[in-house]
Amino acid sequence: MPVIEISNLHKRYGETVAVSDVSFTVDSGEIFGILGPNGAGKTTTVELLSGLRRRDGGTVRVLGKDPDHDGAALRELVGVQLQESELPERIRVWEALELYSSFYRDPADWRELLDVLGLSARHNARFGTLSGGQKQRLSIALALVGNPRVAVLDELTTGLDPAARRETWALIESVRNRGVTVLLVTHFMDEAERLCDRIAVIDAGRTVAVDTPAALIAKVRAERGLDRATLEDAYLALTGHEIGV
Amino acid sequence: MTTAVARLTIVESKLFLRDTTSVVMGVAFPAVLLLLLGFAIPGFRDATDDLDGLRPIDIYVPIVLAMAICTTSVSVLPTYLATYRERGVLRRLATTPVGPVRLLGAQLAVNGVATLVAVGLAVAVGTVAFGVDLPRQAAGFLIALVLGTAAMFAVGLLIAAVAPRAKTATGVGMLVYFPMLFFAGVWTPGPVMPDGLRRISDFTPLGAASQAMQDSWSGTSPSALHLVVMVGYLLVAGALAARLFRWE
Numbered sequence: 001m002p003v004i005e006i007s008n009l010h011k012r013y014g015e016t017v018a019v020s021d022v023s024f025t026v027d028s029g030e031i032f033g034i035l036g037p038n039g040a041g042k043t044t045t046v047e048l049l050s051g052l053r054r055r056d057g058g059t060v061r062v063l064g065k066d067p068d069h070d071g072a073a074l075r076e077l078v079g080v081q082l083q084e085s086e087l088p089e090r091i092r093v094w095e096a097l098e099l100y101s102s103f104y105r106d107p108a109d110w111r112e113l114l115d116v117l118g119l120s121a122r123h124n125a126r127f128g129t130l131s132g133g134q135k136q137r138l139s140i141a142l143a144l145v146g147n148p149r150v151a152v153l154d155e156l157t158t159g160l161d162p163a164a165r166r167e168t169w170a171l172i173e174s175v176r177n178r179g180v181t182v183l184l185v186t187h188f189m190d191e192a193e194r195l196c197d198r199i200a201v202i203d204a205g206r207t208v209a210v211d212t213p214a215a216l217i218a219k220v221r222a223e224r225g226l227d228r229a230t231l232e233d234a235y236l237a238l239t240g241h242e243i244g245v
Numbered sequence: 001m002t003t004a005v006a007r008l009t010i011v012e013s014k015l016f017l018r019d020t021t022s023v024v025m026g027v028a029f030p031a032v033l034l035l036l037l038g039f040a041i042p043g044f045r046d047a048t049d050d051l052d053g054l055r056p057i058d059i060y061v062p063i064v065l066a067m068a069i070c071t072t073s074v075s076v077l078p079t080y081l082a083t084y085r086e087r088g089v090l091r092r093l094a095t096t097p098v099g100p101v102r103l104l105g106a107q108l109a110v111n112g113v114a115t116l117v118a119v120g121l122a123v124a125v126g127t128v129a130f131g132v133d134l135p136r137q138a139a140g141f142l143i144a145l146v147l148g149t150a151a152m153f154a155v156g157l158l159i160a161a162v163a164p165r166a167k168t169a170t171g172v173g174m175l176v177y178f179p180m181l182f183f184a185g186v187w188t189p190g191p192v193m194p195d196g197l198r199r200i201s202d203f204t205p206l207g208a209a210s211q212a213m214q215d216s217w218s219g220t221s222p223s224a225l226h227l228v229v230m231v232g233y234l235l236v237a238g239a240l241a242a243r244l245f246r247w248e
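For the record, the sequence lines run as chains R and P. Numbered per the UniProt record's numbering, the first sequence spans residues 1 to 245. Numbered per the UniProt record's numbering, the second sequence spans residues 1 to 248.
For the record, the hints were derived by calculation from the structure and aren't laboratory data. Check before you lean on any hint, since a few could be wrong.
Unchecked claim - One-sided excerpt, in silico: chain R residues whose CB lies under 7 Å from chain P:
hint: 1; residue: E76
hint: 2; residue: S85
hint: 3; residue: P88
hint: 4; residue: E95
Claimed, not checked - Computed cross-link-like contacts, DSS-like style, restricted to lysine-lysine with a CA-CA straight-line distance of at most 27 Å:
hint: 5; chain 1: P; residue 1: K167; chain 2: R; residue 2: K135
hint: 6; chain 1: P; residue 1: K167; chain 2: P; residue 2: K14
hint: 7; chain 1: P; residue 1: K167; chain 2: R; residue 2: K65
Stated by the list, open to error - If you want the ones that stay clear, here's a sample from chain P, every Cβ over 10 Å from chain R, calculated:
hint: 8; residue: A4
hint: 9; residue: D19
hint: 10; residue: A28
hint: 11; residue: G38
hint: 12; residue: A47
hint: 13; residue: R198
hint: 14; residue: F203
hint: 15; residue: L225
Model, not experiment: these values are computed from the prediction. By construction, the Cβ of each residue, glycine as well, lies at the ideal position given by its N, Cα and C atoms.
Construct the entire structure; sequences and hints are all you get.
This is the structure:
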């Protein structure tokens, strides 16, 4: 059953077209990736399906609901971790979790989340004193504290060191194992290849491909005769770049 | 949802109390200033004919209260809100069932209470340390205090609405802060204020609040002009802030 259905999504800011024509469907229990260069419209797409902005055209259904009309109901069911959204410097980890859990009708046990995300030792630390990886883990915890059916995670691992990135990957898999459908926005190929069941490649506001990482790679391998093609090759081919060797 | 609002207000209160600058400048400073003026400046506790037989300290209590209102409203509040917007705190809340409006409400409540505590401390210092009488027109004083605070908070919200960044909000807040204090009579208290200056002061929100509190202190009802000016700022600045405020 599809959890997210987006077709012909369109969004303008004045004269600028941020999203021209994006379509994809995310099935229940998937880790679905949105991949694309900077400015391709990834974040706008995520904002439109989270109900943060209103679309100018196309249809969006998340869990069967339209974010433009049923935003309030969806905010109970969709946990969102946005790029560049922080917490006040002086808030303590446990305070943030307790606060956010009070926002939802049927919240998860935030103490357990603290444990699962490896933040127990820092539960009393102020947000401003956390490392980049710890901030991201807290941010994931806040996206999960409402017991969502869908988690939208935008540029989760940007700015993290390799060890912290790997930890975050393991976390995302454990989130899916809890039965949550994950929509992951990224511009890291290895991340998309490793984690995502399927990927939508977005370029200049359009979906240029939706498929499994393996199928995307197989396609570029066949078309370009590259035996050792990677997801990055597929991505570059799809977004109209020459593949240098 | 009531628990969420309560939690939000509790957390915002804790954050305010952890911010030493806000606590010192917003809550304690008016009372401390009164102590300094009364004990450190010669003649502040002596009645003088220039002030119609009152002591300077008597005149300064309502002025210091105006300062208390000014600090939380245009210095603390806009900086907090603009910082929350810049850091994406408001955006993050917009993705939850609670939404960012309630955080705004919690901030107003916390700063409102902080202002009242600052006012309470300053009045207590005036009464206990210097024997200043309580306002003779208690009702008029409370109306002036509440309306003046509301009008200035609307100005603070407007600053938060138009400032693109936290640093701008702090800067604009300071640009508004000192002229407001000037027109409230911090440097030219009560009867000492020249008439021309008073004409302008009548039409500033803090000047109107300061004079209305001064009047009710000495037993006169706040003038209709001052009440209208305060209500006017509340409505106009409040409406503009609501119109211009951006969550991100």
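Of all the hints given earlier, name the ones this structure violates by number, lowest first. Of the numbered hints, 7, 8 and 9 do not hold.
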